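Asker: Chain by chain, the residues:
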Amino acid sequence: MNALSELQQLSNRRQFLGQSCSLLGGAALSSLLPSQLSGAVSAPGGMGSALPHFAPKAKRVIYLFMAGGPSHIDMFDYKPKMKELHGTELPESIRNGQRITGMTSGQKEFPCVAPMFNFERVGERGTWMNTDILPHTASIADKITLIRTMNTEAINHDPAITYINTGTQQFGHPSMGSWLAYGLGSLSDNLPAYVTMISVGKKPGQALYARLWGSGFLPSQYQGVQFRSGNDPVLYLNNPDGIDSNLRRSMLDGLGDLNRQRLQEVGDPEIASRISQYEMAFRMQSSVPDLMDTTEEPDYIFDQYGPQSREKGSFAANCILARRMAERGTRFIQLFHRGWDQHGSLPKELAHNCESVDQPAAALVKDLEERGMLEDTAVIFGGEFGRTIYSQGKLTKDNHGRDHHGRCFSTWVAGGGFKAGFDYGETDDYSYNIVKDPVHINDFNATVLHNLGINHERFTVKHQGLDSRLTGVEKRRVVKEILT
Amino acid sequence: MKLPLFILATTALLPLAGISAEVDFARDIRPILSDKCFFCHGPDEEHREADLRLDLKENAFQAIEGVTAFRAGDLNGSEAWHRIISDDQEDLMPPRESNKKLTGREIDLMKAWIESGAEWTEHWAFIPPVKQEIDVKKAGTSHIDAFIKSRLAAESLNPSDETDRRTLIRRLTFDLTGLPPTKTEVKNLLGDTSENAVSTLVDRLLASPHFGERMALMWLDAARYGDTSVMHADGPRDMWPWRDWVVNAFNQNQPYDQFSIEQLAGDLLPNASNAQLIASGFNRNHPSSDEGGAIAEELRVSYVADRVKTTSNVWLGLSMECAQCHDHKYDPISHKEYYQFYAYFNNTEDPGMQTRKGNQSPVVEVVTEVEEDKLKEVEKTLTEQRALVETERIKALAKVAPGTADPEPDAAARLKNLKHYFPLNESSGFTLLDAQSSKDLAGKTILLNKPDGKFGSAIELNGSRTFEGPGFTEFDNKSKMTISAWVKIADANTGGAVLSKMDSSKDYRGWDLWIQGGRPAMHIVNKWPSNAVKVVGKEKLKPNQWEHVAITYNGGGTPESVKIYLNGKPIEHDVEAKKLTGTIKNEVPFKIGGRSQGGGAKAEIDEIQVYDRALSEKEIEWTQRDLTAESVNTLARKRGSQQTTIANTDAFSKSGQFKKQRSEEILTEAKRLQILTGKTTSMVMADNPPEKMRKTYILDRGAYDAPKEDEVIVPGTPAILPPLPANAPANRLTLANWLFSEDHPLTSRVAVNQVWQLFFGHGIVNSTADLGAQGDFPSHPELLDWLAVDFRENGWDMKRLAKQIVMSSTYRQSSHVGAKDLEKDPENRLLARAPRFRLQAEMIRDNALALSGLLLDESGGPGVKPYQPPGLWAEVSLGGNPKFIQDKGDKLFRRSLYTYWKRSSPPPAMVIFDAPNRETCVVKRPRTNTPLQALAAMNDVQLMEASRHLANRIMKEGGQTTTERAGYLFELATARPPLSGELETLVEVHDRSLASYQGGPEKATQVLSHGDSENTTTFPAPEQAAWTLVASLILNLDEVLTRN
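Chains A and B are the protein sequences, given in the same order. Just so we're aligned, residue 1 is where the first sequence starts under the working numbering, counting upward by one. Just so we're aligned, residue 485 is where the second sequence starts under the working numbering, counting upward by one.
Keep in mind the hints are simulated off the structure, nothing from the lab. All values derive from a computational prediction rather than experimental measurement. The C-beta atom is built at its ideal place from N, Cα and C for all residues, glycine as well. Careful: at least some of the hints might be erroneous.
[Stated by the list, open to error] Computed Cβ-Cβ distance ranges for the label pairs, DEER-style: (1) B:D1496 / A:N238: 16 to 24 Å; (2) B:S582 / A:K419: 28 to 36 Å; (3) A:N238 / B:T1445: 28 to 36 Å; (4) B:E1060 / A:E355: 34 to 42 Å.
Turn these sequences into a full structure, and let the hints steer you where they fit.
Answerer: Right, here's the structure in full:
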């Protein structure tokens, strides 16, 4: 059956708006329509004719989110001078009265720590990178823009991770992926527009929250659909034992039949929408397992993504799935990898984390490139903040920790209209303060929207009287310098 | 004045297509000014351009440097008009960079308005509502219907006929109780031919205890209620007593003013009852954090801001939160007025840094009814037993032996400083007599004395058993002290605290007697490790034998001030912390067997003595002796008072009768303690006392660390709203009462609008939480006002309001959608038909449980954890904890209102059906229609199990033939018999399924295995399975998921 066309014939489109999204202000209502027709796995162009505002460079985003605060100093923002600073006290002129978290504010001494790793200049431009633990990322240095001056006002996990993912530290706002699902819809008619997956380092570490992929004040169909590695990759996807797909089909035929009879009787187009949602669900029951089944991926792919890529639920396995989703039309794919909060045992734990993410992240970029998809897929690698140059806890010969640091941290981006082989922003010798070209997290979000063809200031939804947007109330800028 | 204008609806401001209307400033013009102009020409002083305000009449019509924005009737003389139609990008308003644009229709409206005389009124919601009386008798209709019909007539629409009774009872039962009607209830209504049949039905439903549960569903979203703390660890908390209070308040039909006042300021009511204190927990439901690195004040400010936002959204329908960082852009609420309102909530006691484990003080103890009865009973027994113990005590005292020996020289001097002495000679029990202070120590767990102590019996510490009690001597960093005891360790390398008075949660403040790798040690701590002394003896205790440990401290704050004695001889010590300068006083009790939290040693212990003096080496030697025996042996007339007490205590412990009575008393006391300590608390609001009142300042840009300390802000309400009564105290109670003052323009409108939304799917004002300038204009302003005034005049009677609405013919219309109607009013704002909408998440689950007979009709209590897919909590929670442990048995079948709400991972089947995560106030849920909902409804084990039980039910009750059963099932779920086509379809699905299951009986067994409940019926499995599938189909039917 073709529920969609039936639906379109039957219904006055505005009906759906009134029934389903009446919390939104007037302007947004008409824009919601196309995606509303088919719910979370909507047709392209959620905002209708309003979006994109201009020709997009990227069609989709894969956001590799390292939750917990990866140490920019030990990964991307190294300075040879740090060796001289090692063991010396952080000068007040550098700290400059900045507030620090309750975890080290009682500390008497703030000895600087040079990374206990080997760094080399990599790529044609010779940018510094940790080649001990990021050898694969080093190999794609010429494909990425490395931003060393990301910054946020938040200094603790919960507010910081909420801030970067929703554009504000206040609760109740949509996540970036939800904004995009709402604004752009899905490129697929049987997969959600916005998918998240979670993998865990050695220890789960800091918490995540449903709000990070939640739809906030947008209708809940725009929230990220969490894909999982178990038997039910999407919650409630599988038929219960004892109901095979023939029986399900038979049940759905009966259900559709009854609903259609009712539709004729009552005339409410919402019933037609319900019919189409059930059909969509049925299609997902085959499209999602098909997506998740990587058995036909050739061996060289697994080799490329590294030894963990055959372990279900690993970051590496999720990277392969992310590529498969990108191929099938998911707009925004966010992989959370937990366990980056190294208050202690940093050298060991960081190496462990990188072992899980370095190779697959680099492989993803190469893989997309080989398939000709990198140019319209933005791959982002970063966390909610960085870490301090000074040691948290005792500094020993081979061990130390670092506290949270929001004044600067590093994020890399590849493809999707971002420059290849480019560095942006400079920090001081201590990788503590920004010297040149700051990129606030909402500047960054604005830039990502820009590459998707969206003017972040015009992409608003009225909520409690305000024209709310992903990038918050402050003036933010698109960082054009890093764009192709 | 108004003039006709043909309007094409292109925005939601006027929901109707192609209707004629008149320009109404409040409805048509102010919203344009607000949305397109106020940002730069509105209340926000800081960002105001050209000194022009278009939110104030005098400013909008005033000449500024010879230019006037609006001149009534004079299009040409109105500068604003030229600006909005200008071709010049420089002149055009709104400017390009605002990303705002006037539509053609808006320009037409502006033109018509100016030309017609530019009538100006205050924003409608700030003008107190007035009741427009209608002669309802003459009109032959209710007020509600009169207002609705008059608007319909104006739009050439006709109301629908009354719906059939079957649809009506299902609609009413869901709307008022959240549950489906039973078959009997449907039958009863159909059989009731009296005129009052519907009224009787409504009264029955309003009186049902499920009414409160249904209303609470709405209120819990608004109150951002959850069972966890949200931020960082998102740990558990107990706010369910508050939730139960809400259910009960709705059931008791507590007037809405009282209901509100108790929630906003129950703690400030004179002689506040326990229930009123619990009610005040409304404003403790906000997210709180325990994140180690967080800055407490930053958090505390965020809690206060949350209370302001929630209170203003819920009761005022204003987005006051918009004025936290600057003047409100649209509504007349200044930055300063925000902080005046904020000041009401800024004097609260609860700290910024809160706990991840349970409730953060201030709390109130909650005694459930059952507990209360038990407590009374136990206390009665205790009184009787105490009298018996006292009798035996007197008898025992009479038998105290006279003694034979002269007292040791100097003993009196030493014993004068003996503050506490635990001979540990009682034979059993879990309180310990302090032979010196006569205060008992109570054990956390039952602990048996070891008969073979050093002298008499002893007790065994296992690392987790502890005794604790109040009234212990409070030593400080400059106090002198001696602690001595006999200790027997089993393991040569044992470690932990033997005795302590130390608060582990506050930097280990306090002191302890510590064993470290078998060596005796002591901590004396202000703040570990920066301000503390710790010494560890260099010699080890021998395992499995009684060794005497004594430690003296002379108050010096250095390692040298501490001496450690092993078996009477001083030993050398290592220093692990060397400087103590701050206080060691704390608020935790003295403990034997551990610290305030954990840290207990595994050892036997006997003869604990505590002195408030550093004893000399010689005196230490004496502490090794059997003090009880010495005291008893000392000649009675020469005994010091300490020795007398000790001798008496010994006599008690030797009297069989005393011990027996005392043991019983102790057991009863333990029961009492168990009831008391097992008792639940609920978080409440409490203000700091006047002398500790927190000062409020404007926070620059809303930042917690940028208070503008040049001006102290006193509590107050926005000037646009009615004044506060003169001389009222500046506290939350005054604020709460003010909301219900007679001339308040908002509270009553906001309340009736929320209730209206429950029954019609949207409010009369669509933006339920925002009645400000940017909110939607009411679809029926006169009706809103009439209801608002009527609600207030009739004592804020919630059930009356609900009945008034559901008895209206507007509510009772058919929900069938006509083509003309759909075209003219697709959103159904005018209510020419009753709305149909999908049941809210909780009702979908409750409906399935009710139809299947699984629903447990029990109200209240802690949240329960029914089925959810595995791993969801673990994927997000801090360090993987806490873990989700699914409940068993009855708890799987409670109403969804009682489902445990972890806010970082809320129940998935609820969220899929649009439930908010409850981190912030939500007064209107979205309503979506998605494939994930279809998957959940088809495949959730909870619903599969319900389908199985529903199948069993119809096989038992629904007759013998497939047709009979299918009809029965259909009618049970929809309250109407199926049409013949519908019946055919059901039978077909059944027959196909049956054939399939008969061909594959193992599939049938599988279908019947879902859920924890047993399958006790004897029907053949394939039949049962086929009906289970049909039942599942029914539970997925649009009509069943929908309130029609």
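Asker: Does each hint hold? Answer for all of them.
Answerer: Results of checking the hints against the structure:
Range check, B:D1496 to A:N238: about 19 Å between beta-carbon atoms, so the 16 to 24 Å window is met. Evaluation of the 28 to 36 Å hint for B:S582 and A:K419 yields a pass: the beta carbon distance comes to about 31 Å. Take A:N238 and B:T1445: their Cβ atoms lie about 33 Å apart, and the range 28 to 36 Å holds. For the pair B:E1060 and A:E355, the beta carbons lie near 38 Å from each other, so the given range of 34 to 42 Å is met.
The earlier numbered hints are all upheld by this structure, with none contradicted.
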